[in-house]
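Student: In order, the protein sequences belong to chains A and B. Counting from 1, position 71 in the first sequence corresponds to residue 71 in our numbering; the numbering is continuous, with no gaps. Counting from 1, position 182 in the second sequence corresponds to residue 182 in our numbering; the numbering is continuous, with no gaps.
Keep in mind that the hints were calculated from the coordinates and are not lab data. Quantities reported herein were computed from a predicted structural model and do not represent experimental measurements. Just so it is clear, CB atoms sit at the ideal spot from N, CA and C, and this is done for glycine as well. Some hints could be false.
For each label pair, taking beta carbons as the anchor points, the in silico distance ranges come out as [to be verified]:
id, chain 1, residue 1, chain 2, residue 2, range
1, B, I94, A, D10, 58 to 68 Å
2, A, K45, B, R186, 48 to 58 Å
3, A, K14, B, K83, 53 to 63 Å
4, A, H59, B, H100, 27 to 37 Å
Each computed SDA-like pair below joins lysine to any residue, with the alpha-carbon atoms no more than 25 Å apart [claimed, not checked]:
id, chain 1, residue 1, chain 2, residue 2
5, A, K94, B, N49
6, A, K48, B, R98
7, A, K45, B, E97
8, B, K136, B, N49
9, A, K13, B, E158
10, A, K97, A, A53
11, B, K64, B, A27
12, A, K99, B, E97
13, A, K141, B, R98
14, A, K45, B, G194
15, A, K141, A, Q66
16, B, K42, B, A68
17, B, K221, A, S60
18, A, K94, A, H52
19, A, K94, B, I94
20, B, K177, A, T86
21, B, K116, B, G194
22, A, K45, B, K64
23, B, K177, A, A53
24, B, K218, A, S60
25, A, K67, B, I229
26, B, K136, B, Y118
27, A, K48, B, K142
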Amino acid sequence: MCKHAQHLGDQVKKFQEITYPHLTIVLTHALHCNAANRAAIPEKKVAKEVIHAIQTEFHSLITYEQKLVFPAILQLFDHKHNSKHTPDLANLLKLTKSKEHKLHGYVGTLHTILQIEALQVHSGCETRVVSQFEQIFFPDKQVWNQLIADRINNCACFRKNMIQASGFHSTAQKTGNE
Amino acid sequence: MKKNQFEIGCETCNIRLHSVFHVLDEAQVKSLSLQKSCAVYKKGQYIFNEGGIPSGLFCVNSGKIKLAIVGYDGKEQILRLAKAGDILGYRALISNERYHSSAIALEDTSLCIIDKQYFFSQLEQEPKLMLEVARKMSADLKKAEEHIVSLSQKNVRERLAEALLFLKATYGLQDDKSTINVKLTREEIADYIGTSTESCIRLLSEFNQDGIIELHGKSIKIINLSLLIRTANIED
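Kindly produce the complete structure, drawing on both the sequences and the hints.
Tutor: Right, here's the structure in full:
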């Protein structure tokens, strides 16, 4: 197996087994905690709506990544890849980055709402959504995106697969990173 | 902000007859006329800003105004439009809050501002005016609720468009360069969008009618890619 595919596979595993389950719990917890206090403070309701939006976009991102994006990327970096069709990596990355950008906007909005004086107390669960996304999700995504960019430039298996997809014979077939 | 002043008496204002103030009698109209001041705003000028403190009620004499806020993603979201005969800023005024949106003239606009204290005293003295304002609020609330419904529907449309783009990027297109190279059931597509199969079928049919896609059994042919991208609201 291509060493780059192995490295990317490890990152995918981290997303699927650690990052995403953890953030899913954080979001669920934020939507259910302080239910009694929420009704009394109108801003809490707004914060809850934003968390709902984050949850919807986040689950949508997970669905696309698990079903389409991660398998497609691993396939592109696999030296044994011989499928007739090659995924459009640039477009897939553009689509996922668009969703990450939306999440960034929602988290920023939540952060702003939580600055309101009335929410300074009893907003621990909501604040945790902001901190966990800012400390875990966005940095992990930055690392992932950088990893992909580096591999595109350096991985011979990837180049071979792209050349094959374009219909040319590759001279890089024997120069994989396996 | 420099505004061109203009004055027109409420007694001779035809627009008043289409506003909440049409219920006032002659003496009340005369009194109202003495308590308001009017101005002309050029296209693009702000009438009030989000976060500002209301000092009175605006009554539009001519022109069109948009009420807008900056949304989660930094984009402007238009809440509603106001035209001649409409009143503006009543929500913040009555609830004694700051403006939650900005009002911007879409074209050269003339409007009058009625003093806050005078407006409240008129509401207390004239039940018919109070009822008219309540009717206006109910109508605006209905419009806002309809807006929410259309937004939530739009959101599912966005997600279907996004799903089709993901499928196209992952599986590519067939030799005809427009049919997505994968056949999924409506149920499977609904799973991607996170909606019911029924909604998915209805939306695919809408996309078909709108000329975005063509449906041939399980095959989906993209007819208008740029419209599909616009519908998905993809950001660069």
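Student: Hints first: check each against the structure and report whether it holds.
Tutor: Tested hints:
1. For the hinted restraint 58 to 68 Å between B/I94 and A/D10, the CB-CB distance of approximately 59 Å keeps it satisfied.
2. About 35 Å separates the C-beta atoms of A/K45 and B/R186, a value inconsistent with the hinted range of 48 to 58 Å.
3. Between A/K14 and B/K83 the Cβ separation comes to about 56 Å, which falls inside the hinted range of 53 to 63 Å.
4. In this structure the supplied range 27 to 37 Å holds for A/H59 paired with B/H100, their Cβ-Cβ distance being about 29 Å.
5. Between the alpha carbons of A/K94 and B/N49 the distance comes to roughly 35 Å, so the proposed pair goes past 25 Å and is violated.
6. For the given pair, A/K48 sits about 22 Å from B/R98 by alpha-carbon distance, which is consistent with the 25 Å threshold.
7. With a C-alpha separation of about 18 Å, the suggested pairing of A/K45 with B/E97 holds against the 25 Å cut-off.
8. Between the alpha carbons of B/K136 and B/N49 the distance comes to roughly 22 Å, so the proposed pair stays at or under 25 Å and holds.
9. Proximity of A/K13 to B/E158 is assessed by CA-CA distance (about 29 Å); at most 25 Å being required, the pair is judged violated.
10. A hinted pair counts as satisfied when its Cα atoms are at most 25 Å apart, and A/K97 with A/A53 qualifies at roughly 17 Å.
11. Straight-line distance between C-alpha atoms of B/K64 and B/A27 comes to about 30 Å, which puts the hinted pair past the 25 Å bound.
12. For the proposed pair A/K99 and B/E97, the alpha carbon gap of about 35 Å is over 25 Å, so the pair is violated.
13. Proposed proximity of A/K141 and B/R98 is contradicted: the alpha carbons are some 39 Å apart, above 25 Å.
14. With a C-alpha separation of about 23 Å, the suggested pairing of A/K45 with B/G194 holds against the 25 Å cut-off.
15. The hinted pair formed by A/K141 and A/Q66 meets the criterion: a straight-line CA distance of about 15 Å does not exceed 25 Å.
16. Between B/K42 and B/A68 the alpha-carbon distance is near 17 Å, which keeps this suggested pair within the 25 Å criterion.
17. The straight-line distance between the Cα atoms of B/K221 and A/S60 is roughly 23 Å, inside the 25 Å bound, and the hint therefore holds.
18. Proximity of A/K94 to A/H52 is assessed by CA-CA distance (about 24 Å); at most 25 Å being required, the pair is judged to hold.
19. Between A/K94 and B/I94 the alpha-carbon distance is near 46 Å, which puts this suggested pair outside the 25 Å criterion.
20. Distance restraint check for B/K177 and A/T86: the Cα-Cα separation of roughly 15 Å lies within the 25 Å cut-off, and the hinted pair is therefore satisfied.
21. Proposed proximity of B/K116 and B/G194 is contradicted: the alpha carbons are some 48 Å apart, above 25 Å.
22. Proximity of A/K45 to B/K64 is assessed by CA-CA distance (about 32 Å); at most 25 Å being required, the pair is judged violated.
23. Restraint check for B/K177 and A/A53: the C-alpha separation of about 35 Å exceeds 25 Å, so the hint is violated.
24. The suggested pairing of B/K218 with A/S60 holds, with an alpha-carbon distance near 22 Å, which does not exceed 25 Å.
25. With a C-alpha separation of about 21 Å, the suggested pairing of A/K67 with B/I229 holds against the 25 Å cut-off.
26. Between the alpha carbons of B/K136 and B/Y118 the distance comes to roughly 19 Å, so the proposed pair stays at or under 25 Å and holds.
27. Distance check on the hinted pair: A/K48 and B/K142 sit about 23 Å apart at the alpha-carbon level, within 25 Å; holds.
In summary, the numbered hints that this structure violates are 2, 5, 9, 11, 12, 13, 19, 21, 22 and 23.
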